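Peer 1: Sequence:
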Amino acid sequence: MSHFSVKEIINQAQHFTPYEQMIIGINHCLGINKYKQDLKKGRTWIWVSAAYYGLFIAQYNWALSWVESPNYKIAHDITLDELKVLAEKNDLAALYMLGVHFTDSDPALAVQYYQKAANNNFYPAINNLADKYETGLGAEQNIHKAIELYEIAAQHHIAAAEWSLGFLYFNGKLINQDLELAKFWLTKADKNGWPQAQELLDMLDGV
1 MSHFSVKEII NQAQHFTPYE QMIIGINHCL GINKYKQDLK KGRTWIWVSA
51 AYYGLFIAQY NWALSWVESP NYKIAHDITL DELKVLAEKN DLAALYMLGV
101 HFTDSDPALA VQYYQKAANN NFYPAINNLA DKYETGLGAE QNIHKAIELY
151 EIAAQHHIAA AEWSLGFLYF NGKLINQDLE LAKFWLTKAD KNGWPQAQEL
201 LDMLDGV
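Start counting the sequence shown at 1; every next residue gets the next number (the UniProt record's numbering).
None of these hints come from the bench; they were simulated from the model. Heads up, some of the hints might be wrong.
What the hints assert, rightly or not - With a cut-off of at most 30 Å between alpha-carbon atoms, the simulated DSS-like pairs for lysine-lysine come out as follows: (1) 116 <-> 41; (2) 40 <-> 173; (3) 84 <-> 34.
Unchecked claim - Simulated restraints on C-beta separations: (4) 136 <-> 199: 19 to 27 Å; (5) 178 <-> 32: 39 to 47 Å; (6) 136 <-> 4: 22 to 30 Å; (7) 142 <-> 181: 13 to 21 Å.
These numbers were taken from a predicted model, which means no experiment stands behind them. For glycine and all other residues, C-beta sits at the position ideal for the given N, C-alpha and C.
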């Protein structure tokens, strides 16, 4: 079992460039270059590079960490054309990234990409598909479907899904407010490094 603190990794990551963070993550994922193999730890390093520092290639490599036999990219970037070629070969991470790319400019197309990846039990895409059902952007709004998909993703430790469930139960606008469930999911999101989770947990402690 992997034992590490996501917050410790976030703190350590400040001493490296986003690209170096990604490479450290890949080394952990594969157990190469004198790094002990630890998929969860490696995935977290890559996620920090992607989510906290916005490295696009890191986001692709983070998505790759969810497939069975990932072929990580150590380049400094990946183009839209490269993603499209990979997506034609049913590369689930590429399908997911195309969904991310089109999520604002063409939400309906993003949903198509997410759905294709989600059909293969690709949890990052399942989370993002849930978001579309929650907001009604690119798909007909269906909060019950959104909750169902968020729960699937959250059960596989997708921090964004844990956060979304926590916020929905805290907010109580689209679903019935349940502060106990809100705290449950927000605590998980906080442990997984979701930055806004602690703020809501502090508010819950004051209730």
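Peer 1: Indicate, hint by hint, whether the structure satisfies it.
Peer 2: Verification of the hints:
1. 116 <-> 41: Holds - the C-alpha atoms of residue 41 and residue 116 are around 28 Å apart, at most 30 Å.
2. 40 <-> 173: Violated, because 34 Å separates the two Cα atoms, which is more than 30 Å.
3. 84 <-> 34: With a Cα-Cα distance of about 34 Å, the restraint between residue 84 and residue 34 is violated, given a limit of 30 Å.
4. 136 <-> 199: 19 to 27 Å: Holds: the Cβ-Cβ distance is about 26 Å, inside 19 to 27 Å.
5. 178 <-> 32: 39 to 47 Å: 44 Å, holds
6. 136 <-> 4: 22 to 30 Å: Given about 38 Å between the Cβ atoms, the range is violated.
7. 142 <-> 181: 13 to 21 Å: 19 Å, holds
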